[in-house]
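Colleague: Here the protein sequences come in this chain order: A and B. In this text, residue positions in the first sequence follow this note's numbering: the first is 1, and each later residue adds one. In this text, residue positions in the second sequence follow this note's numbering: the first is 1, and each later residue adds one.
Read the hints as simulated data drawn from the structure, not as lab findings. Careful: at least some of the hints might be erroneous.
Copies of the same chain look alike in the list, so a pair counts if it fits in one copy or across any two.
Simulated pairs of lysine-lysine, DSS-like, Cα-Cα distance not exceeding 25 Å [claimed, not checked]:
(1) Lys149 - Lys130
(2) Lys23 - Lys82
(3) Lys116 - Lys137
(4) Lys49 - Lys116
Computed from a prediction, not measured in an experiment: that's the story for all the values here.
Number of protein chains: 2
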Amino acid sequence: MYRLYHAPLSPFCRKVRLVLAEKRVEVELVEERYWERDSDFLRRNPAGKVPVLRAEGRNMPESQAICEWLEDQHPEPALMPKDADTRYEVRRLCAWFDDAFFRQVTENLLYERVNKKVQNTGYPDSMKVKAGARAVKFHLDYMAWLLEKRRWLAGDVMTLADFAAAAQLSSLDYTSDVDWARNEAVKDWYAKIKSRPAFRGLLADVVPGFPPPPHYADLDF
Amino acid sequence: MYRLYHAPLSPFCRKVRLVLAEKRVEVELVEERYWERDSDFLRRNPAGKVPVLRAEGRNMPESQAICEWLEDQHPEPALMPKDADTRYEVRRLCAWFDDAFFRQVTENLLYERVNKKVQNTGYPDSMKVKAGARAVKFHLDYMAWLLEKRRWLAGDVMTLADFAAAAQLSSLDYTSDVDWARNEAVKDWYAKIKSRPAFRGLLADVVPGFPPPPHYADLDF
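Modelling step: build the complete structure from the supplied sequences, incorporating the hints.
Modeller: Structure, rendered in structure tokens:
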């Protein structure tokens, strides 16, 4: 059985957890206090990050490379389309959410408010929190613009791009940082993906000292 | 014909240029002063970054997604192996160089010293330059460790991972920021990749105000 070293609110771990669950791949989850830089963990992954997937005797870091590997090894159900142009669009959007969205939104909101407290690394920087609160609006509007023309973010079928986005948004939703009233299409998209069986594990997460708001696990939010 | 909006010393543009040249795909290069946020350019790519590949009437940002698309559309010569485990290793290393190496080394050295001057955004931060100079040693040692067991970075054949690494290192070499005497195996690897026809375009780059050092274009450096 695979093992995933993870942190509950890490969007990159959540992306991998969603892919594993959607493909019904059994996995043992091991919570990792990666910021303590425990020597066993650093041996598994010198970059000191989560997620790390332990599979076939190897330790595999880097969430996007892990997801593509899972797609190669467990092709059904497919999360990567067959044609080159849509594959490009999926990968472009994964990079957009993993990089731009994460840096502009998730890092400024969740990491300032929750991770700093959990990891005991200081107080939230209010400038960053404000920047994150501004940026999340722009990103929701961008998603709304995509969803005007498409059923799912990269096209007419659900792909890894939807999981990359939902991983970020679900982490933020844990701290009530997403205004679902801003756009109906985005809310509908999130309701669809949140109601998938693959999402259940994420909705059961609880971080000590930070209880989730009631709407977090509610499918009818 | 494709068109690539690029900046000469951007490692991400260089990665795409290497892939295009290796696959002998004709491309028109258009230099983009992306930091001036010209409205035509922002229309092509709202993220305001280079590279952007213009192909088949679409504007395509995100270097890794572009490279995977080029691999899908122009499979020969292959830069992505066929088996899932080596594909994973290629993607892990691309993420390592595009993310960790870029952030710890290239951004601290090249972006502080060259980009800030070219873009007129202030003076180099000496703390960052020092951090970059320390980090490049660690990264060269890591590459040496990989190359002890492999002919190329991801295994026994040249892949996109080698281009991702060479793109970063060639940008840094333009400002003499790589100590090639540190490790023989890394120097040999770079000599091999630098002598490929695909590298010629990069070696001809000249940034006004920053002439390259004599060894930069020398294949016998």
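Colleague: Hint by hint, where does the structure go against what was stated? Just the numbers, ascending.
Modeller: Violated: hint 1 alone.
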